[in-house]
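Spelled out from the first residue to the last, the chains are:
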Amino acid sequence: MRVSSQKVAGAAFALFLLSVGNARTGDGKHVLIVNSDASVEKFQQIEQSFSETYPGRISKLDLGPGAADDVKVRRALLKDQPDVILCVGSKAYLAANGATQRVPIVFSSAINWRRLSLGPNSFGIANELPADFQLTTFRHLFPSLRRLGLLYSEKFNEQIARAAAQAGKDVGIELLAHAVHRPSDVDNALRTLLPRVDALWLISDPIVLSDDAALKRLFDSTREAKVPVLAYDEAFVEFGALLAITADQATMGTQAALMAEQVGAGEAGQQRVMDPAGSQITLNAKELPAYSLSFNKDALSSVNRLVR
Amino acid sequence: MGRDAMNSLATRWMVVVLASCLLPVSGGVGSAAGKSKVYFYNPESNINNFASLKTEFDSYLAEFGNYEFQPFSSRETFEEFLRRDEPALFLLSSWHFQTLRSKYPMKSLLVGSAGGRTTQRRLLVARKPVPDLGSLRGKNIASAGNKDFTLSLLGQILGREGRRDVAESMRVIPVPKDIDALMAVALGLAHAALTSEGALEQLKTVNPKHYESLQALGKSDELPRVIVAVKEAGPGTQVLLKAFEQMGSGRKAEYAMQMIGLDGWRRYEEGGAHSK
Numbered sequence: 001m002r003v004s005s006q007k008v009a010g011a012a013f014a015l016f017l018l019s020v021g022n023a024r025t026g027d028g029k030h031v032l033i034v035n036s037d038a039s040v041e042k043f044q045q046i047e048q049s050f051s052e053t054y055p056g057r058i059s060k061l062d063l064g065p066g067a068a069d070d071v072k073v074r075r076a077l078l079k080d081q082p083d084v085i086l087c088v089g090s091k092a093y094l095a096a097n098g099a100t101q102r103v104p105i106v107f108s109s110a111i112n113w114r115r116l117s118l119g120p121n122s123f124g125i126a127n128e129l130p131a132d133f134q135l136t137t138f139r140h141l142f143p144s145l146r147r148l149g150l151l152y153s154e155k156f157n158e159q160i161a162r163a164a165a166q167a168g169k170d171v172g173i174e175l176l177a178h179a180v181h182r183p184s185d186v187d188n189a190l191r192t193l194l195p196r197v198d199a200l201w202l203i204s205d206p207i208v209l210s211d212d213a214a215l216k217r218l219f220d221s222t223r224e225a226k227v228p229v230l231a232y233d234e235a236f237v238e239f240g241a242l243l244a245i246t247a248d249q250a251t252m253g254t255q256a257a258l259m260a261e262q263v264g265a266g267e268a269g270q271q272r273v274m275d276p277a278g279s280q281i282t283l284n285a286k287e288l289p290a291y292s293l294s295f296n297k298d299a300l301s302s303v304n305r306l307v308r
Numbered sequence: 001m002g003r004d005a006m007n008s009l010a011t012r013w014m015v016v017v018l019a020s021c022l023l024p025v026s027g028g029v030g031s032a033a034g035k036s037k038v039y040f041y042n043p044e045s046n047i048n049n050f051a052s053l054k055t056e057f058d059s060y061l062a063e064f065g066n067y068e069f070q071p072f073s074s075r076e077t078f079e080e081f082l083r084r085d086e087p088a089l090f091l092l093s094s095w096h097f098q099t100l101r102s103k104y105p106m107k108s109l110l111v112g113s114a115g116g117r118t119t120q121r122r123l124l125v126a127r128k129p130v131p132d133l134g135s136l137r138g139k140n141i142a143s144a145g146n147k148d149f150t151l152s153l154l155g156q157i158l159g160r161e162g163r164r165d166v167a168e169s170m171r172v173i174p175v176p177k178d179i180d181a182l183m184a185v186a187l188g189l190a191h192a193a194l195t196s197e198g199a200l201e202q203l204k205t206v207n208p209k210h211y212e213s214l215q216a217l218g219k220s221d222e223l224p225r226v227i228v229a230v231k232e233a234g235p236g237t238q239v240l241l242k243a244f245e246q247m248g249s250g251r252k253a254e255y256a257m258q259m260i261g262l263d264g265w266r267r268y269e270e271g272g273a274h275s276k
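Same order as they appear, the protein sequences are chains A and B. Here the first sequence is numbered in our numbering, starting from 1 and rising by one per residue. Here the second sequence is numbered in our numbering, starting from 1 and rising by one per residue.
Mixed in with the good hints there might be a few duds.
[Stated by the list, open to error] In silico SDA-like cross-links for lysine to any residue, where the CA-CA straight-line distance does not exceed 25 Å:
(1) K252/B <-> L288/A
(2) K128/B <-> L288/A
(3) K139/B <-> L288/A
[To be verified] Computed, partial: chain B to chain A, Cβ under 8 Å:
(4) N66
(5) Q70
(6) D180
(7) L189
(8) A190
(9) Q258
Please keep in mind that the hints were generated in silico from the structure rather than gathered at the bench. Positions of the beta carbon are idealized from the N, C-alpha and C atoms, including for glycine.
Construct all of the structure, not just a fragment, from the sequences and the given hints.
Right, dumping it as structure tokens:
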């Protein structure tokens, strides 16, 4: 019975600790970094640039491979009593959001954050570059680009398609966006779209890229039609994409650190999720001769990785 | 001394003589043994295209001799190599060159050129309207340069207006390239940007709407572009200089040059007039 009473007392004390407000005083808010998997290079980059920028105390929790585990996060919260949590990756966010609604969370590297149910105390840096940013970059690199094709599903990317259409007008690119409802719509959509465009913009969409076979068919179709693909991830360069543009991880880490400082000081702005401010560009130069789209060589200093 | 001992001594001397022929010649570039290095570090650009840059430069320089291009992302590591006595050529920003002069005697040999100009200015740009420079106090500034370079130039630009205090209060967000810094301001991700004149002109062409939303608040002094320098010129220096000077003509080094934002090199003596 005594053991049972001790357990109850311990639990009550733990609950008390979790429930009280921030008992810390003085400068330097304490951040707990919860990393979805610290062995993943892009997550390491975020953690490193955050750590280099954030002035306060930092403790770390690596969730490692496996499913989201909010128990690990609860234990870390109990032990470290952070003022703010930085979540690197979607898994870390899901675990932290499940563990606490009280401690403010700043997330980074969460794929398509709009699919997450953001808690009331959540802030973050989006993982995807805004359409405006991407189309401006396309125009900068390919001055002759006039008509850009886009396949998308209304379920996942209607907002992006609308934003892109407007952004295209600002840079003189006509966006020919074709909505698909099922994976089986994609092949016909490509047959309709490809003859009318100078390039195809590939965005992250689970209906358009439903499986490996769909990916292969897409690249076979674009190659046959001699239409270059401008993609959202460097991995597609291996399949023959002409260009890949992604958000820069180190910049996102810095942005997350500045946001964590503001959030910790109770000065979070109205915009809870910010777009990433830097980009990484891979140009598959060996594919250039296959297409009539001309490349602006003066823009080569903007290319991070050149595949030759 | 017996025959065996003499033979042994002679053998040892032969080994010493042969070994000394293989040792690197001290001073200057282009040693007889091992690869001679060309070291590169640029605090004015955050772009990390090192693997591609090395491939392009190594491929070009191989036609002239046993040379290797080595880019650095860390100022400290670059300066460590600068301290060494090994013969090497250094590619560095003119701003960095000026800060190093008192510590390491170096001679500038070439300056990079782009569009006929060997110099460029940095601009402080913000989103309209900017009521006054004081409104930037404590705000974020996006820059492709590293923190030291950015704050140094900010101090110069704002110092002219008597607002060095504002420069010292700003928080630097390093971004990979100048156009990223401008887009960050245009999209409201940063309050200001330190960027190049060239990047602002590019934005005018590419996205006039964003260009019109921005305002240049000040300019830095004209700064020479990337410099080629040595600590001590030697026999191999001329070979490498010739290799670099030829980069601007023909297609062989086109990618290498454009990746560092240049289209040619000109002879440059520090303190001398350089054509714009």
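Against the structure shown, which of the earlier numbered hints fail to hold, in ascending order? Violated: hints 2, 3, 4, 5.
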